[in-house]
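Asker: The task is simple: from the sequences and hints, build the whole structure.
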Amino acid sequence: ETGVTQTPRHLVMGMTNKKSLKCEQHLGHNAMYWYKQSAKKPLELMFVYNFKEQTENNSVPSRFSPECPNSSHLFLHLHTLQPEDSALYLCASSQGSLAGAWDTQYFGPGTRLTVL
Amino acid sequence: AQSVAQPEDQVNVAEGNPLTVKCTYSVSGNPYLFWYVQYPNRGLQFLLKYITGDNLVKGSYGFEAEFNKSQTSFHLKKPSALVSDSALYFCAVRDGAGANNLFFGTGTRLTVIP
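Going line by line, the protein sequences match chains A and B. Counting from 1, one number per residue, gives the positions in the first sequence under the working numbering. Counting from 1, one number per residue, gives the positions in the second sequence under the working numbering.
The hints are all genuine.
Computed cross-link-like contacts, EDC-like style, restricted to lysine to aspartate or glutamate with a CA-CA straight-line distance of at most 20 angstroms:
(1) A:K18 <-> A:E84
(2) B:K58 <-> A:D103
(3) A:K40 <-> B:E8
(4) B:K49 <-> A:D103
(5) A:K41 <-> B:D9
(6) A:K41 <-> B:E8
Honestly, the hints are just simulated from the structure, not real lab data. Predicted, not measured: the structure shown is a model, and the values here were computed from it.
Answerer: This is how it looks when you write it as structure tokens:
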């Protein structure tokens, strides 16, 4: 799991707080992803970045704001969240479109978010 | 539209017995299929993938999966289960005719009983 790191691993925040999740990949990849994992539900793709450009926003509420300053770093800025936003937030990276059909995503350990 | 079904929420198997975790898929174009495993408090770890070629794919930790186009299935198998294989397993598909995104199943919890 050292290929993709995420901080913090656990986060508890109130509904009025502002916090950020950080993801860093050390694999030389060009694409990065944010997923939300809730119990008994499929992983929900939130955002995709290819070469620092956002290529997918899966109808995510504006209280989640992604930032990708370079191909190695990805942030998820959080503000005025709701209790139903409590979940495991997973970051992933891959070679992206350059790998074609063989593109494989590698995941970080996740941030367990609890919104009170 | 792409979708993945993992029909079993929970699979129990005795240590040393063969295990199977089931997955079926639906895509418009050619399916690119993946299996991931998630241990407690960890992210998803890549196990294996099918893109093209031999229908039997071998992956990490002794796992393998068989692509069956007529049954639209990609079941994960291991000849002899270990207690350490107990984890949550996810099947995922990418549609060769569509965008580059993965679609995941809801996961199957495998418990290997000593």
